[in-house]
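With the hints as extra help, turn the sequences into a complete structure.
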Amino acid sequence: MSDRRPTAVRPGQERFVAPLEETPLAAVDAVDEQAPPTSQWADAWRQLRRRPLFIVSSLIILLLVVVSLFPSWFTSVDPRFADLSRSLEGPADGHPLGFTQQGTDVYARLVHGARASVSVGIVATLLVLVVGGTIGALAGFFGGWLDAVLSRLADVFFAIPLLLGGIILMQMLDTRNSLTVALTLSVFGWPQVARIMRGSVLQVKTQEYVTAAKSLGLSRAKTLVRHVVPNALGPVIVVATISLGTFIAAEATLSFLSIGLPPNIVSWGGDISRAQATLRTDPWVLLWPAAGLSLTVLSFLMLGDALRDALDPKGRTR
Amino acid sequence: MSAPTTGGATAPLLQVRDLHVDFSSGGRSVHAVRGADLTVYPGQTVAIVGESGSGKSTTAQAVIGLLPGNGKVVRGEVLFDGKDIAHASKREFVGLRGKHIGLVPQDPMSNLNPVWTIGFQVREALAANGLATGRAAKQRAAELLAEAGLSDADRRLKQYPHEFSGGMRQRALIAIGLASRPRLLIADEPTSALDVTVQRQILDHLDGLTEKLGTAVLLITHDLGLAAERAEHLVVMYKGQVVESGPALQILQDPQHPYTQRLVSAAPSLASRRLESSAPRAQVAEHAHRAHEAAVAGSSVGVEETPDVIEVENLTKVFTLRGAGPRGEKLTAVDDVSFAVRRGTTTAVVGESGSGKSTVAQMVLNLLPATSGTVRFDGVDITTLDRRQQFDFRRRVQPIFQNPYGSLDPSFSIYRTVEEPLRVHGIGDAASREARVRDLLDKVALPAATIRRYPNELSGGQRQRVAIARALALQPEVVVCDEAVSALDVLVQGQILTLLNDLQAELGLTYLFITHDLAVVRQIADDVVVMEKGRLVEAASTERVFAAPEQAYTRALLDAIPGGRIELGR
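As you go down the protein sequences, you meet chains A and B in turn. Counting with our numbering, you get residues 1 to 318 for the letters of the first sequence. Counting with our numbering, you get residues 1 to 570 for the letters of the second sequence.
These are calculated hints, taken from the structure and not from any lab test. What you are looking at is a predicted structure, and each value in this text was computed from that prediction instead of being measured. All C-beta atoms in this analysis are idealised placements derived from N, C-alpha and C, irrespective of residue type, glycine included. Be aware that one or more of the hints could be misleading.
[As the list claims (entries may be wrong)] Below, in silico cross-link-like pairs of lysine-lysine (DSS-like), each with a Cα-Cα straight-line distance of 30 Å or less:
(1) K533(B) - K205(A)
(2) K205(A) - K222(A)
(3) K214(A) - K83(B)
(4) K330(B) - K214(A)
(5) K138(B) - K239(B)
(6) K330(B) - K239(B)
(7) K212(B) - K99(B)
(8) K330(B) - K205(A)
(9) K330(B) - K72(B)
(10) K239(B) - K158(B)
(11) K214(A) - K443(B)
(12) K222(A) - K443(B)
(13) K83(B) - K72(B)
(14) K239(B) - K90(B)
(15) K158(B) - K533(B)
[As the list claims (entries may be wrong)] Have a look at the derived ranges for each label pair, beta carbon to beta carbon:
(16) K90(B) - W73(A): 51 to 59 Å
(17) V30(B) - L287(A): 26 to 34 Å
(18) D442(B) - R15(A): 38 to 46 Å
(19) S151(B) - A8(A): 35 to 43 Å
(20) P161(A) - V115(B): 27 to 35 Å
This is the structure we're talking about:
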């Protein structure tokens, strides 16, 4: 009702009403009953399966898992059978990648070494997910003194570098196998997951559906399990996938330093360690386990990246 | 840019002709704007009105070259001062923006950089357009802030955004938008994040300023009343198309397109009345009595039936900010508030941000302990409940929250969401619960197909219906609606209010309705409690408050309703 409104209508501003047939009116707030129902996980999946990054990395990982479960499908040669007379020989019939210094088959060791890497990686990741996830969720949800205690505890472990801690702890252990290596790595790996979980829970717990659950009379513990954790899990899964790669690399490093897996377990880290003696003359002996290791770590990092795009929209680069 | 076209008032400043904008997302392209036309003359205010998703902001973004990366002008032209800028290069837009076309963005909270002082940000706008640098810029910045209505401008220049209130930030943004005296100012929902009284002050000021400077304003708003009050020419958009345009008053009083007619009739303003109930009020009271009888059976709390279902007495809430203990800073959010809610009626608690209205709601829901005072539900003080009584209390008092995107668990299907209350309270077996969920969805007018869906597939209004169904699952007597319709488009808001009103009549519900919007109060409430800064200002029946407000603050609130004094065509 401003007084500067002119009375004359200027060109281009005449009264215009669009014909109804060109601008059909829909019912207010109608539900599209045709669309198929999708959950947020289904949405994430639909987005993922179109990404080349996801397809390539998950195919490699699938292959790795099959190789580590059924190495005999890929080679019938015993990786521990040493024929010193064939030391450092090149590729031969039935031995496509040649022989190591000890005369063992490089290809067979490559195939059998996958199991050690993959199993240590998966077990360590599951452990940090359970331990770190639980501690992070409790700290974030209940807050107060519990948060203070758990967060400081996590800080203490976080301050110790994964490898340094691993080296010290492994030296103190009498038995060395996949499980003890995984346990050692998870002792120093859980704080990262706990931190991410805590942050994610802090964010989710202020949502109104959490207040709504409280107003329904749902107990705090049940609210945490049913409403908070499932919605806080996305970023944690991303971090866990990426740290799976880190754990595999750490296991190889420990084995390389010969304080990880013992020599009787075939592992890429151990093979790299032994091949370094002949690196100048016969580099391929080192190249193959190193390539296997790099490819594995890389695929988990790529998978983590792809998952981040689908599950954690905040970290999206595009 | 060339000198202003000669001919002055007769040549349009901005002409948008047959504008088409597409967004590509995930391989598909979405037509956000389809053939929009509009004309703005120098010094004129033109408003684009539409609901969310109507393409009104996209049109404005296309004009100023700020379309998001996946958006593209596919057809049509945008003539600014006679020159087509629809496909102008980035460099050309940099020359245009700020200097010739200013922008006042929507959200004052996120549009100022928190690490720089206000003064730095105003000076930056001056320097970027080559207007002033150094000492001259400092002085000019102070003048601009004073002009935008910020008192004590010299001191304000040295302050950071977090030291400003929402209204002050928006004034600073207006100062930045007008810093280089642009000939066109695009104001995209400039005040929708602000309280009504602040909104009024800011728009009045913007009006005066642009009139003095001769700036044309393209106002983007969802509020038809506000648009009609501020603009000479209206453009109504719906699903990317212009459905109607013309002189503001004509459109308001004689809407032609069915969509505009819908908008006009749904626009909440002072002219609107309380929604009619599907049942006479006396019958509603009877239903409320029966609802109480039903709820009391087997309940450990509030068996007595009182005429006032909720009585709030001397309620006070003090929050301790920053550091516990006696030295912590104290904030009295709710200060000695008393009121009562009659059974089977709606009581609205109205106030601006910081009035303590939501804190009252939290205490009535027993989600937040009161510092002092009591809340009685059916005659029982809810602060004294034991665990079991508390559980029974939860069954009888349920909330509906504001944010339709936050109030439903995204990992729960609609079925699980509505079923959860029944499951938690151990009501019925699987089959009877499913029947109950279907019945509830039917009550809130959602098709049965929704049952298997997830919240992310539903619109804001549909989610709010699900939240209502969840709240009603336990057959509560009292429903506390905390800004339950504030986030919704006006048509959807009207629909939800009608639904709530019908459900009240059918089920004998009592509502405690927390809102900042007096126009909504008029439509749904029987009694009103007005709050300001934690204190109760006025409490009376809706009729009395609207016809003869006793307090100056209530009058100011009523006056600030946009478009309140325009006679609408109905």
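Here is how each hint holds up against the structure:
1. A C-alpha spacing of about 27 Å is found between K533(B) and K205(A), which places the hinted pair at or below 30 Å, so the restraint holds.
2. Our distance criterion of 30 Å between C-alpha atoms is met by K205(A) and K222(A), whose separation comes to about 13 Å.
3. The straight-line distance between the Cα atoms of K214(A) and K83(B) is roughly 59 Å, outside the 30 Å bound, and the hint therefore fails.
4. For the suggested pair K330(B) and K214(A), the alpha carbons sit about 27 Å apart, so the restraint of at most 30 Å is met.
5. Of the supplied pair hints, the one linking K138(B) and K239(B) is violated, its CA atoms being roughly 45 Å apart against a limit of 30 Å.
6. In summary, the hint linking K330(B) to K239(B) is not supported, as the alpha carbons are separated by about 49 Å, beyond the 30 Å threshold.
7. Proposed proximity of K212(B) and K99(B) is supported: the alpha carbons are some 18 Å apart, at most 30 Å.
8. Using a Cα cut-off of 30 Å, the hinted pair K330(B) and K205(A) holds, with the two alpha carbons roughly 25 Å apart.
9. For the suggested pair K330(B) and K72(B), the alpha carbons sit about 52 Å apart, so the restraint of at most 30 Å is broken.
10. For the hint linking K239(B) to K158(B), the alpha-carbon distance of about 44 Å lies beyond 30 Å, and the restraint is violated.
11. The suggested pairing of K214(A) with K443(B) holds, with an alpha-carbon distance near 24 Å, which does not exceed 30 Å.
12. Note on K222(A) and K443(B): the hinted pairing holds, with a Cα-Cα distance of about 29 Å set against a maximum of 30 Å.
13. With a C-alpha separation of about 19 Å, the suggested pairing of K83(B) with K72(B) holds against the 30 Å cut-off.
14. With a C-alpha separation of about 28 Å, the suggested pairing of K239(B) with K90(B) holds against the 30 Å cut-off.
15. Between K158(B) and K533(B) the CA atoms are separated by roughly 28 Å; this keeps the pair inside 30 Å, and the hint holds.
16. Remark: the range hint 51 to 59 Å for K90(B) to W73(A) is upheld by a beta-carbon distance near 57 Å.
17. Distance hint for V30(B) and L287(A): a CB-CB separation of about 50 Å, inconsistent with the stated range 26 to 34 Å.
18. Evaluation of the 38 to 46 Å hint for D442(B) and R15(A) yields a pass: the beta carbon distance comes to about 43 Å.
19. Separated by about 40 Å at the C-beta atoms, S151(B) and A8(A) satisfy the suggested range of 35 to 43 Å.
20. Against the hinted window of 27 to 35 Å, the Cβ-Cβ separation of P161(A) and V115(B) comes to about 33 Å, which satisfies the hint.
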